[in-house]
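Peer 1: Generate the whole structure from the sequences, applying the supplied hints.
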Amino acid sequence: MKLNYKKVGQGKPLIILHGLFGSADNWLSIAKELEEDYTMYLVDQRNHGDSPHSEEWSYKSMVDDLAAFMTSQGLEAAYIMGHSMGGKTAMNFALKYPNKVQKLIIADIAPRYYPPHHENILAGLNAIDMDHLASRKEADETLAEHIPEMGIRQFLMKSLGRDENRKFVWKINLPVITEKIDNVGAEIESDKSYAGPTLFMRGANSDYIQEKDKEDLEKYFPEYKLITIKNAGHWLHAEQPDAVVETIKAFLG
Numbered sequence: 001m002k003l004n005y006k007k008v009g010q011g012k013p014l015i016i017l018h019g020l021f022g023s024a025d026n027w028l029s030i031a032k033e034l035e036e037d038y039t040m041y042l043v044d045q046r047n048h049g050d051s052p053h054s055e056e057w058s059y060k061s062m063v064d065d066l067a068a069f070m071t072s073q074g075l076e077a078a079y080i081m082g083h084s085m086g087g088k089t090a091m092n093f094a095l096k097y098p099n100k101v102q103k104l105i106i107a108d109i110a111p112r113y114y115p116p117h118h119e120n121i122l123a124g125l126n127a128i129d130m131d132h133l134a135s136r137k138e139a140d141e142t143l144a145e146h147i148p149e150m151g152i153r154q155f156l157m158k159s160l161g162r163d164e165n166r167k168f169v170w171k172i173n174l175p176v177i178t179e180k181i182d183n184v185g186a187e188i189e190s191d192k193s194y195a196g197p198t199l200f201m202r203g204a205n206s207d208y209i210q211e212k213d214k215e216d217l218e219k220y221f222p223e224y225k226l227i228t229i230k231n232a233g234h235w236l237h238a239e240q241p242d243a244v245v246e247t248i249k250a251f252l253g
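Quick note: the sequence shown, position 108, residue 108 per the UniProt record's numbering, numbers continuous.
Among the hints, a few may not be true.
Cβ-Cβ distance ranges computed for the label pairs, FRET-style [claimed, not checked]:
1) Ser193 x Glu246: 22 to 30 Å
2) Glu55 x Pro98: 40 to 48 Å
3) Glu218 x His132: 50 to 58 Å
4) Asp25 x Pro222: 28 to 36 Å
No lab work stands behind these hints, which were simulated from the structure alone.
Note that beta-carbon positions come from the ideal geometry of N, C-alpha and C, so glycine has one too.
Peer 2: This is the structure we're talking about:
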């Protein structure tokens, strides 16, 4: 699968993978703060952004996509960073292709299984009648019946686009994501470990990486460091961008 991507900056290669319901654009502001030192590849994972849609949606397929992407860009190895779902892709990739990962950065996700917890979001997205949708305002009003948080709605609305006939469409593959949402929480299962330098960043107000997860971090990523970003939740790069940028710089520097 040929993934859509944005290329920013100059220097050592750094590939950035977004989370569920997201796109490459989610990390653009962070990338602009790093562009003097790194050539960044902001990738739309399959069924997201402007990358192709597919009935196949699993970490195995997303790992294969990333391997093919690196080959297409002539990258033998790179720094790899992923947030949430993108972090799970990055972890699986490092365990399968350790020689392709110079350093690994994981933002607010652990190797363990996460049960589905996006019911309200999926209900809101599926409640929108796309065949008769007249405006973005109308879409937001429908979402608000299920999702009161304006910030979450604004994030989701970034995936609302138009086709060649100016009809509203979701850039995300909503039917497949709805059907296979359990796949995004799949735990890491491997008999291997990644021995390279690994940074886990967690939001202080997030419960995605807990003390109980340290056993798995040590098992799969023995050279890991865990940094907590103050006053940040799961979307730490949006809530505390300066702290995230400085943490990335210090780790990669």
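Peer 1: Decide, hint by hint, whether the structure agrees.
Peer 2: Taking the hints in turn, this is what the structure says about them:
no., hint, result
1, Ser193 x Glu246: 22 to 30 Å, "holds (28 Å)"
2, Glu55 x Pro98: 40 to 48 Å, "violated (30 Å)"
3, Glu218 x His132: 50 to 58 Å, "holds (53 Å)"
4, Asp25 x Pro222: 28 to 36 Å, "holds (34 Å)"
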